[in-house]
Amino acid sequence: MSGALDPRTAPEFPIAAKAMLGDAQLRKNVRHATEVIQAKRARVVGEMPDWQALREAGRQIRSHTMENLDYYLEEFERNCTRAGGVVHWARDAEEARRIIVRLVKESGSDEVIKIKSMTTEEIQLNPALEAAGIHPYETDLAELIIQLGEDQPSHIVVPALHKNRQQIREIFQRKMGLAELGERPQDLADAARMFLREKFLRVKTGVSGANFLIAETGGVCIIESEGNGRMCLTLPETLIAVAGIDKVLPRFQDLEVMLQLVPRSATGERMNPYNSIWTGVDRTHVPESGHGAPASVGDGPRVFHVVLMDNARTEILADEEARQTLNCVRCGACQNACPVYRQTGGHAYGSVYAGPIGAILTPQLQEMHHAQSLPYASSLCGACYEVCPVKINIPEVLIHLRNKVVEQKGMSAEALAMKMMGMIFLSERRFRAAQRLGRMAELPLVRKDGQGVGWISWLPGMLGGWTQVRDLQEMPKETFRDWWEKRGNDGR
Amino acid sequence: MAGETIASSGAKAEMLRRIRAATGRTAGADAAEVQAEWAGLARGYRRAGSRISEAVLELLEDRLRDYDAHVVRTGAGDVAAMVAKMLAERGKRRLVVPEGLAAEWLPEGFEFVVDRGMAATELDGFDGVMTGSTVAIAETGTVVLQGVAGQGRRAVTLVPDYHLCVVRVEDVVETVPEAMARLEATSGLPTTFFSGPSATADIEMTRIKGVHGPRFLDVIVAG
Numbered sequence: 003m004s005g006a007l008d009p010r011t012a013p014e015f016p017i018a019a020k021a022m023l024g025d026a027q028l029r030k031n032v033r034h035a036t037e038v039i040q041a042k043r044a045r046v047v048g049e050m051p052d053w054q055a056l057r058e059a060g061r062q063i064r065s066h067t068m069e070n071l072d073y074y075l076e077e078f079e080r081n082c083t084r085a086g087g088v089v090h091w092a093r094d095a096e097e098a099r100r101i102i103v104r105l106v107k108e109s110g111s112d113e114v115i116k117i118k119s120m121t122t123e124e125i126q127l128n129p130a131l132e133a134a135g136i137h138p139y140e141t142d143l144a145e146l147i148i149q150l151g152e153d154q155p156s157h158i159v160v161p162a163l164h165k166n167r168q169q170i171r172e173i174f175q176r177k178m179g180l181a182e183l184g185e186r187p188q189d190l191a192d193a194a195r196m197f198l199r200e201k202f203l204r205v206k207t208g209v210s211g212a213n214f215l216i217a218e219t220g221g222v223c224i225i226e227s228e229g230n231g232r233m234c235l236t237l238p239e240t241l242i243a244v245a246g247i248d249k250v251l252p253r254f255q256d257l258e259v260m261l262q263l264v265p266r267s268a269t270g271e272r273m274n275p276y277n278s279i280w281t282g283v284d285r286t287h288v289p290e291s292g293h294g295a296p297a298s299v300g301d302g303p304r305v306f307h308v309v310l311m312d313n314a315r316t317e318i319l320a321d322e323e324a325r326q327t328l329n330c331v332r333c334g335a336c337q338n339a340c341p342v343y344r345q346t347g348g349h350a351y352g353s354v355y356a357g358p359i360g361a362i363l364t365p366q367l368q369e370m371h372h373a374q375s376l377p378y379a380s381s382l383c384g385a386c387y388e389v390c391p392v393k394i395n396i397p398e399v400l401i402h403l404r405n406k407v408v409e410q411k412g413m414s415a416e417a418l419a420m421k422m423m424g425m426i427f428l429s430e431r432r433f434r435a436a437q438r439l440g441r442m443a444e445l446p447l448v449r450k451d452g453q454g455v456g457w458i459s460w461l462p463g464m465l466g467g468w469t470q471v472r473d474l475q476e477m478p479k480e481t482f483r484d485w486w487e488k489r490g491n492d493g494r
Numbered sequence: 003m004a005g006e007t008i009a010s011s012g013a014k015a016e017m018l019r020r021i022r023a024a025t026g027r028t029a030g031a032d033a034a035e036v037q038a039e040w041a042g043l044a045r046g047y048r049r050a051g052s053r054i055s056e057a058v059l060e061l062l063e064d065r066l067r068d069y070d071a072h073v074v075r076t077g078a079g080d081v082a083a084m085v086a087k088m089l090a091e092r093g094k095r096r097l098v099v100p101e102g103l104a105a106e107w108l109p110e111g112f113e114f115v116v117d118r119g120m121a122a123t124e125l126d127g128f129d130g131v132m133t134g135s136t137v138a139i140a141e142t143g144t145v146v147l148q149g150v151a152g153q154g155r156r157a158v159t160l161v162p163d164y165h166l167c168v169v170r171v172e173d174v175v176e177t178v179p180e181a182m183a184r185l186e187a188t189s190g191l192p193t194t195f196f197s198g199p200s201a202t203a204d205i206e207m208t209r210i211k212g213v214h215g216p217r218f219l220d221v222i223v224a225g
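First to last, the sequence lines map onto chains L and S.
So the first sequence is residues 3 to 494, counted in this note's numbering.
So the second sequence is residues 3 to 225, counted in this note's numbering.
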């Protein structure tokens, strides 16, 4: 896998998926990882007697936020600014990248330490930083594996889940120059600790995403496991957080719902190892405001920026039937539960957002100009809806988007064929004629098996989709209607 | 700089205009209306625990152990003796402590250095860090630290490889909503929730203790 996952240039899902299905190692790795997370999730969700009430509260909080998004974003900006943060607004990915590159340059650094952030993956921030002469160091273990392996993320929460320990060891040996490295997960984690420690202590500028922006306080919340997030939030002098406008949460109290839903859904833990909540900047460096600011002496960055990014989210907001897509809290539970994702892995989706949520989010972030095959990358089984902690009805949105794709494409060959079928079914005479025609047309394709039953193993053109994975029995010599009529009127 | 500010405010105006067009709002929202709507959201989940206090403490200990933390109980007056025991077991001698940590918790025979804004590289040189805590959540095995006396700056509990944390029994609650209610008044302070030592499951979904945060965590539940 090389080159960024870009929905604008990625092959259609069925083509990419077919290639992935041939990679037995990848399928084994993905199956193992998703099975482990699913089992852990089921266990810790099962011990919550009020899980469904929490999901409903999560859904209502997120829907309420989207309906009042302008109000909460302005409230967040006011409170974050009051606490010493600087809020920037970016209409699209290009504008967000430009702002971030400028802010890093203003910080006087030519390198940044990064917390895992799907938003920065979405806007392909790293190539933009490198083009501006700034070196980004990914500090999340999985993101480090991806960066050193020149790979792409395949899962929202566990981006390197398609790699097993031997593959990771090989990457670390090559890129960290550690010939003697063992292959126990503990050895690999220790190697990452050694490799990154010096960077945490040296690099003066950090870039993060955000799990939640709290409108009421102007605070930001980041959920993580390893402590690399805490390092990036605490040690640098300048911190730049980029967040989609959908990340806002009305009040501090609402975290009581999200901090129960997200960890159990994402990694199957009762709580993830670390959550950080901070508001604005290190108070000791703020000119006396006269507000009697609380004492947090010398704690954290002196300069804090938040980049609020639209990048087609308002397009999704405008579509009432698809608006619930924005309620997503990026836990990845739908990916682990999806029978399609579990076979293909994430790269087949051609986007950093893979799986069921990717199938609805990606084409909409492309304003339905690209990735139109993704709404079809689902059997509509509903497993994603069942595990979603904020009850996004993904199958409903998938169908809605399929409808949009069909409308967009106008009269296709498939639609034309369906129209003809409709004509045939309307008239008995035409139906019988079609059956006779079918029996004649299939003759050259039928092969008899040992029992004298005829089978068709190849059909031409569009019909070939059916025979690609199964044989079709030949049409009966006599139809039910013919047989019924032969019996005569007395019923014998 | 002025040019950028104008461009940014243009972006803000356009994004707010797009949002209002999408949600069918003509102008700014009515604050009272939004707040009333928020107050009406369904919250049918548990807002308080149901266990008696001893069972809550047992739950906290159990959940912390599940994360590979070492947990002990002691009387409120015996913290220093317990600290001495645990540090001796771990072979730790020189610890950094935040300003304002209760002096009666610190035993003789060890070196406790008060952090007054040390550099990260300096923090890296200690055997460990010892702090108090704001609140602990039994159901999730979580301890919460804030930027106050006795808990200190976030870097201090992050860079050293070993963390010894004292949790007072009166600060233990059963559920997440109870903890958030206690934190509400000081929500503007830098706040860190930790649930066990640093960990990752990025390699084959195997939980491995310790990547960047403290790899070893001892908790003393006191009272």
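Just so you know, these hints were derived from the structure itself, not from any lab.
A few of these clues could be false.
Some, not all, of what chain S presents toward chain L, calculated at C-beta under 8 Å [what the hints assert, rightly or not]:
no.	residue
1	Glu16
2	Thr28
3	Arg53
4	Ser55
5	Asp70
6	Val74
7	Arg75
8	Gly79
9	Val115
10	Gly119
11	Ser189
12	Met207
Now the stretches of chain L that chain S is said to cover, found in silico as 3 or more residues with beta-carbon under 8 Å [what the hints assert, rightly or not]:
no.	stretch
13	143-153
14	190-203
15	233-242
The beta-carbon is built from N, C-alpha and C at its ideal position, and this holds for glycine as well.
Hint by hint, here is what the structure shows:
1. Taking 8 Å as the C-beta contact cut-off toward chain L, the hint placing Glu16/S at the interface holds, the least distance being around 6 Å.
2. Nearest Cβ of chain L to the Cβ of Thr28/S: about 11 Å, over the 8 Å cut. The hint is violated.
3. Given hint, Arg53/S at the interface with chain L, is violated; its Cβ is 13 Å from that chain's nearest Cβ, farther than 8 Å.
4. Residue-level restraint check for Ser55/S is violated (minimum Cβ-Cβ distance to chain L is 20 Å; threshold 8 Å).
5. The interface hint given for Asp70/S is violated, since its Cβ lies 10 Å from the closest Cβ of chain L, which is over the 8 Å cut-off.
6. Using the Cβ-Cβ criterion of 8 Å, the hint placing Val74/S at the interface with chain L is not satisfied: the shortest such distance is roughly 21 Å.
7. Proximity of Arg75/S to chain L is violated relative to the hint, the smallest CB-CB distance being about 21 Å (cut-off 8 Å).
8. At about 29 Å, the closest approach between the beta carbon of Gly79/S and any beta carbon in chain L exceeds 8 Å, and the interface hint on this residue is violated.
9. The criterion of a C-beta within 8 Å of any C-beta in chain L is not met by Val115/S, whose closest approach is roughly 16 Å, and the hint is violated.
10. Interface hint at Gly119/S: satisfied, since its Cβ lies 4 Å from the closest Cβ of chain L, which is below the 8 Å cut-off.
11. Among the interface hints, the one on Ser189/S holds; its C-beta lies about 5 Å from the nearest C-beta in chain L, closer than the 8 Å criterion.
12. For Met207/S, the interface hint holds, the least distance from its beta-carbon to any beta-carbon of chain L being 4 Å, beneath 8 Å.
13. A count of 3 residues in the stretch 143-153 of chain L with a Cβ less than 8 Å from any Cβ of chain S is obtained; the coverage claim is therefore met, three being the minimum.
14. With 8 residues having a Cβ less than 8 Å from any Cβ of chain S, the stretch 190-203 of chain L passes the three-residue criterion, so the hint holds.
15. With a cut-off of 8 Å between beta carbons, the stretch 233-242 of chain L has 4 residues touching chain S; three or more are needed, and the interface restraint holds.
In summary, the numbered hints that this structure violates are 2, 3, 4, 5, 6, 7, 8 and 9.
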